[in-house]
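Participant: So the chains spell out like this:
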Amino acid sequence: MKNITKLGAVSALSLIIGASAAFAENIKVAFIDPLSGPFASTGTNGLHQFEFAADYMVNANGGLLDGQQMEVIGFDNKISPKESLIQLQVAIDQGVRFIVQGNSSGVANALTEAIDKHNRRNPDSRVLFLNYAAVDPALTNDKCNFWHFRFDANADIKMDALTDVMAADENLKKVYIIGQDYSFGKAVAAAAVDMLGAKRPDVEIVGNELHPIGKVKDFTPYSRKIVASGADAVITGNWGADMLGIGKSIIENGFEGPIYTYYAAGSGITAAFGESGKGRIRLVSQGDINPIGSDEARELYKAFKAKYPDGNIDQSRIFNTIGMLSEAITQAGTADDVVAIASKLEGMEYDSMWGGKLFMRPQDHQIIQNMNVGVHTDENVEFDYDNSGFGVVTESTVEMASMDAPTTCEMKRP
Amino acid sequence: MDLILVNLIDGLVTGLLLFMLSAGLTLIFSMMGVLNFAHASFYMLGAYFAYQISIALGFWMGLLIAPLIVGVLGAGVERYGLRRVHQYGHVPELIFTFGLALLIEELVQFIWGKNQMPYDVPDILNFTAFAISGNSIPAYKIFMIFISVGIFIGLLYVLTKTRVGMIIQAALSYPRTVEALGHNVPLIFMGVFGVGTALAGVAGVIAGPVLGTFPGMAFVLGSIVFVTIVIGGLGSLWGALVASLLIGWITTFAKSYNIEMENVLNAIGIATPENLDDNIFRDFWSLTSPQIADILPYILMVLILIFRPAGLFGKRTS
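So the protein lines, in turn, are chains A and B.
The first sequence begins at 1 in my numbering and counts up one residue at a time.
The second sequence begins at 1001 in my numbering and counts up one residue at a time.
Derived from the structure by calculation, the hints contain no laboratory data.
Ideal placement from N, C-alpha and C gives every residue a C-beta, glycine not left out.
Please note that the accuracy of each hint is not assured.
[What the hints assert, rightly or not] Here's a subset of chain A near chain B, in silico, CB distances under 8 Å, partners left out:
| no. | residue |
| --- | --- |
| 1 | Ala60 |
| 2 | Gly63 |
| 3 | Tyr222 |
| 4 | Arg224 |
| 5 | Lys225 |
| 6 | Ala228 |
| 7 | Ser267 |
| 8 | Gly268 |
| 9 | Ala272 |
[Stated by the list, open to error] Pair ranges (Cβ atoms, derived):
| no. | chain 1 | residue 1 | chain 2 | residue 2 | range |
| --- | --- | --- | --- | --- | --- |
| 10 | B | Ile1268 | A | Gly197 | 56 to 66 Å |
| 11 | A | Arg298 | B | Leu1296 | 32 to 42 Å |
| 12 | B | Asn1258 | A | Glu395 | 33 to 43 Å |
| 13 | A | Ile86 | B | Pro1186 | 22 to 32 Å |
| 14 | B | Asp1278 | A | Ile86 | 51 to 61 Å |
| 15 | B | Gly1099 | A | Met403 | 35 to 45 Å |
| 16 | B | Ile1124 | A | Ala60 | 48 to 58 Å |
| 17 | A | Ile86 | B | Gly1099 | 51 to 61 Å |
| 18 | B | Asp1123 | A | Asp336 | 58 to 68 Å |
| 19 | A | Glu395 | B | Glu1274 | 49 to 59 Å |
| 20 | A | Arg120 | B | Asn1258 | 36 to 46 Å |
| 21 | B | Ala1131 | A | Glu395 | 37 to 47 Å |
[Claimed, not checked] A partial selection of chain B residues facing chain A, derived with a Cβ cut-off under 7 Å:
| no. | residue |
| --- | --- |
| 22 | Val1006 |
| 23 | Asn1135 |
| 24 | Gly1165 |
| 25 | Gln1169 |
| 26 | Ser1173 |
| 27 | Gly1216 |
| 28 | Asp1294 |
| 29 | Ile1295 |
Excised from the complex, chain B in its bound form (with noise of 0.2 Å):
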């Protein structure tokens, strides 16, 4: 029972991961209507380039200027890509970013090869931070908490507080209108994707020395972040960092006991096929949750679909 505790702290800090990831991806869908699939591929550029100043400047350099290094590298990409190709319709768009994940991807394996990066966790914070009965609980998860924790607030703060965060919801729902009132909207976008890919890299910084720094990174971590945002609701802030953290506690705790099918079956009151080798059904029967946890947030993806399609947190918009 004492694992419970341990596993919600685990879950908490994949979900809260997850959450960095997401809230980037989710904002510039909101503001511009991209699906950006190239998200994931900053995060791992963020990995990257963390690693290589770690090595001249060590790891807390790492964390301030890669993300900037990101952030300026996605608002040239909406400047001299996206924004180009935008006129052209959401398709093109699209076939731009999937292209521009590839190509990234080739240029990490081209610039440092294919072999894991010896990207570790900083000396400092190297240690048990507490154990809870024979669990420990490393320091730089707790690390990880917080600095995921302070850039929610952050960006919460910004949205609803702050003249730009009200201009940039404004020119959320009314572009035209708020270029009417002498705002530069292009520019905002421009704001909006560098903010948010540079969100996608410090997710990469602090989670490349736990989640492991190689060229499939990105891939890994790509599908489950537009589940993350689906399930949250497209563009919605708080959706993103529910349904992170429900995907997070989801499959840490799937993974963690073993509930057998065949008990959950059996609990709802059907009784287990006698032959049970000769049951078409056999594999289902013997499925355990450690098998299924990395596909149960798809299950709850299609179920959000069909229940409630504009997610948890979603604006239904036409």
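Here chain A stands alone, though its shape is the one from the complex (with noise of 0.2 Å):
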């Protein structure tokens, strides 16, 4: 009896050691943030679509390099600094060079800052920070850094295309500004009063308020205040539950114009809003859904309705995060020296099957692409979102938006 315990015990072991061999050779992507409480749901739809990005594009094409298969690996952060750092670590001491992190900027404030340090000092494992989501200026400006690349437009870049279609509204006179108090949300609004101050001098923001992130039970009071200012138009950076709750929350309580939002789709926010939300909502990002961007997209997002029946594509940057990474990868002709592959990042022009140019401008590693403004509807609507007949319908489109726009960011390149 002892023996053939023992004898379990022994094969399992080396089971264990034989699976980590295999495993050894993959290029390990550490996906840090939200998979439990308020944002698990946005987190976790982020990390289908990694999952499905890398073994789609990469791993399905026989691997990169000679035939190293990409694993992204799941952390959850529940959206704390504090915890982000704790997984970094862990990431780390797995053998991870890849870190990717999206949802809330003071996280990737915390990320940007702790990589920086932990590449200085160890100089054998150092990581790249490939940013997705988190939006807040900074990141790419005063606070840059060579290990920090961003795949998504910044929160100046967002406002100044959103800005662009409201200026051209002549019935516009007065605007309320709501967001999420963090640095993103501050950043939201400042660009916001900036661009609309320039844009059109002619109008009054009436209100221009924060609300705490991810605590609010019930946004009436603030739709009523929304209300009672008599604003004609809404514009919120917020994201997640708190996306859904104070756009469900202005509509039921009378409110009648448009809401420009940045992150009003896909993880059931599109199914909740519903008929509701159809053609006021307006939101602004990159890639063509509707009307997809190209016949490759429309086979990947097929297949990924095969494998996920209630996922969306909500966030194609991922998409394009993978697949420029792969291809520096594939250049640098290494998948361990970061500094290496993060050259190759730098500058790099990538077609993105979404549609359009993408460029990593050098100076600050910020993604140039074509943005979007598109409409909440369920007209001409190909890939609808959470199974709802609604999607996003793109309106317009800045070409290459803020190509030449200013940045405060000074390279340090080892």
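Join the two chains into one complex using the hints; note that each chain is given alone, in its own frame.
Facilitator: Structural data, given as structure tokens:
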């Protein structure tokens, strides 16, 4: 009996060692984002898109270099900067070279600082930070560093595209700005005030307010203020449960104008808005979903739907991130030397399957791409979100938005 | 100024919703001495069950059936879980309910996923009841008010006017005597636990469409429910009602008006210091009421604990 136990233990152990030996060749990407708590759905959907992108775009085509597979590992940071730094250390200890994160600029600010420090102190285990959604402009300005690359347009670029659309609306007289109380919400508000002031000095900003992030149960009091202010339009950078909460609440409580947003799509948000948000919710994003950017993208989206029937590709930039990373790894001929890979990423031009060209600006590592402003509707929707029949249809496009926007970044290269 | 009336109604809705949760919790506590950490989880289960039922049978059947299922589940938890743990004392009971809360959240995520569910207000109630100077009051809110007030009156009647209520009240203070008189006290406990969780279920069913049905909904409301019953006085139904309404109105008004700390301090005779930017209390001076609205109930709780430890309506027990 004892012998059998021993035999079992030994074989189990050898299996584990065998398995880890097989994994050692993998290119590991650590996904550090909320997988529990109020923003769990946003994080989990992002993780699914990353896993699918790695499998579909890299692994199914025979991997990278000499057949190395790409593996995305999810780490739950509970949207806390402190927790993220712990998870970062765990990831680095597991031999991860690439960190992807996007939800919350507060977390991104903590990560980029920690990674900069880590890379200076530990040249043997340097990591790259591929930021796919944290859009605080500071990350590619004052706080920029060589290890950080942003694959999403920053809050200023997005606001520039949004305010272009708003400025064209003759009837717009009063605007209310509301956002989450942290670096990103403040950046959105500041950009909105600046740009609206420059493009439409006659428009009055009747409210500019921040609310606690992820803690508001009922947005009714906020929507009362918005309605009472007589605003014609609302601007919000809210995302996740906060976007849904504020959006539903202001519509229910009698607001009738358009709502200009950054993230009002997918993760259950589109389904929850449904008919009530039709033609009124506009959002700025990159990548063409309706109409789709290319046949290749159509194939990919269908394959994604086959694997995740309840999922959405609401962040097509995730596929750009994986695509550009693989190209940089292939060009550099290594998956370990992150300095070589980062040098290839700098200044890279990439044809996105979601339409348009991407350019990774070398001076600040901010991606430059076409920005779309889309509308929430159920007409001409090929790919809906949340299986609701509603989706986002592109209304206008700014080509290579903010290509020449100034940056305060002073890049120090190793 | 028209806003005052609107805010009164909004605060009433928030408060009554809170009351339905805290009523069950405070009943359970006064009866069994158990602080049920999983109470808000039953609220979440109510919303999810109702969503699932509403797909097949419509909203109204959900409102009818979901609380029943939640109540039966709650009674089952008492009968087969809490009662066994009870003999080991209060700490294991607390840990049991805490574990149960985590378990329910994971289960909900496992079955329904992490996305928000498209659980919506039924079409028949999806219109504006009336508007006060441009602020529309959705009919659903009026419906919520009626349901909660109805439940409060029903509870009050059962507890004070019926034989069952009398036995429950007696079992509260003298369980042994009631047992000696031939009443089945464990059955009463199970019933109270079941009714308490069913109340949380009702709250979930009617709050799901407005506050959102997602796995974090129990967490968001969990702590405020405890604050409510501490302010109201543990075990007091009237206390739970008054505290819920108080919290509803305080938070609503604090969010609706941008009252600045600077104005408040100036009003009570403290002058604004010069060079505010260099002042160490700068953040304190620049506070506005919406920023601190959600912590006001906690401040109130601390004050209550200092000046009236038994709560507003609580009877001091050793």
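Participant: Which hint numbers doesn't this structure obey?
Facilitator: Per hint list: 1, 2, 10, 11, 13, 14, 15, 17, 21, 24, 25, 26 and 29 violated.
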